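Chemist: Sequence:
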Amino acid sequence: MAARRVDALLLTDSNALLCGILTDKDIATRVIARELNLEETPVSKVMTRNPTFVLSDTLAVEALQKMVQGKFRHLPVVENGEVIALLDIAKCLYDAIARMERAAEKGKAIAAAVEGVEKHWGTSISGPNTFIETLRERMFRPSLSTIIPEKSKVVTISPTDTVLMATKKMLELRLSSAVVTVENKPRGILTSKDILMRVISQNLPADSTLVEKVMTPNPECATIDTPIVDALHIMHDGKFLHLPVVDRGDMPITCYSKK
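Reading the sequence shown from the start, the letters are residues 1 to 259 in the UniProt record's numbering.
Derived from the structure by calculation, the hints contain no laboratory data. If you're wondering where the values come from, they're calculated on a predicted model, not measured in any experiment. Treat each hint with caution, since some may be false.
To be verified - Derived DEER-like restraints, expressed as beta-carbon distance ranges: (1) K185 to I148: 13 to 23 Å; (2) R174 to I234: 18 to 28 Å; (3) I234 to L59: 23 to 33 Å; (4) L204 to G238: 50 to 60 Å; (5) T216 to N184: 15 to 25 Å; (6) L204 to K169: 10 to 20 Å; (7) G81 to E220: 40 to 50 Å; (8) R248 to T41: 37 to 47 Å; (9) L11 to P227: 32 to 42 Å; (10) L11 to Q69: 22 to 32 Å; (11) N15 to A103: 41 to 51 Å.
Unchecked claim - Mimicking DMTMM-like on lysine to aspartate or glutamate, the simulated pairs with C-alpha atoms at most 25 Å apart in a straight line are: (12) K168 to E79; (13) K169 to E183; (14) K91 to D237; (15) K66 to D230; (16) K151 to D237; (17) K66 to D88; (18) K91 to E79; (19) K91 to D225; (20) K91 to D26; (21) K213 to E150; (22) K151 to E172; (23) K151 to E79; (24) K239 to D225.
Glycine included, every Cβ here is placed at the ideal spot set by N, Cα and C.
Please model the complete structure; the sequences and the hints are all you need to start from.
Modeler: Right, here's the structure in full:
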């Protein structure tokens with residue numbers, strides 16, 4: 001996984017049929033956090049068995065819906081009983097947003113045309129305008145605060161905590177990332193992918209490696225007032241899967257994740 005810089009691996013049985021999936025989160029929370037020996041632990045013991053999959057002729061929107069409802073980032077694609085691809089929710093989400101934005105641009109053009117007709121004829125055609133405004137409002141104006149639960153979960157750790165301590169906290173809250181704080185302000189982020197690429201692949205001991213040595217320092221953050229679509233663009237442009245969200249006092253309250 002580290003050699004190919006991928007965060008998921010599909011497992012097949014002796015008949016080449018899909019039987020499991022192993023992700024960076026599985027490795028961080030099922031292996032490292034539980035202090036299992038990486039070299040002796042069989043994949044079958046920590047993988048997710050019989051993962052959900054879609055057929056190659058499944059509509060993209062259906063695949064995205066499965067990932068969102070199932071709260072998983074990866075979705076195998078099967079054709080004639082064989083795995084042919086692995087969908088990533090990050091790309092699916094961004095493609096969906098891009099299509100909605102193109103639709104919204106068309107909506108703006110229609111709205112401008114309607115407005116021109118109104119000015120020319122001196123009348124008010126409220127129907128189409130109201131519809132377009134409602135469409136735009138629902139797609140692009142909701143902020144992150146509308147989707148953050150009242151009792152949101154976030155793992156906060158210190159730069160001087162060990163990676164092992166961090167994974168145990170991630171396991172406890174069933175999360176795949178931790179925000180590194182100093183005096184309650186975000187100073188870094190550690191994700192399960194970081195642990196795979198920077199700790200495991202480098203053969204560093206999780207019980208003595210400090211978070212500050214392997215975290216991503218000074219991560220980009222969103223606020224609770226950031227529009228959802230802007231947050232998705234930030235993550236897509238920065239090529240990361242986790243975005244810390246801070247309140248108006250700059251204190252982390254959750255970590256928005258594409259899953």
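Chemist: If you check each hint against the structure, which ones fail?
Modeler: 4, 12, 16, 21 and 23
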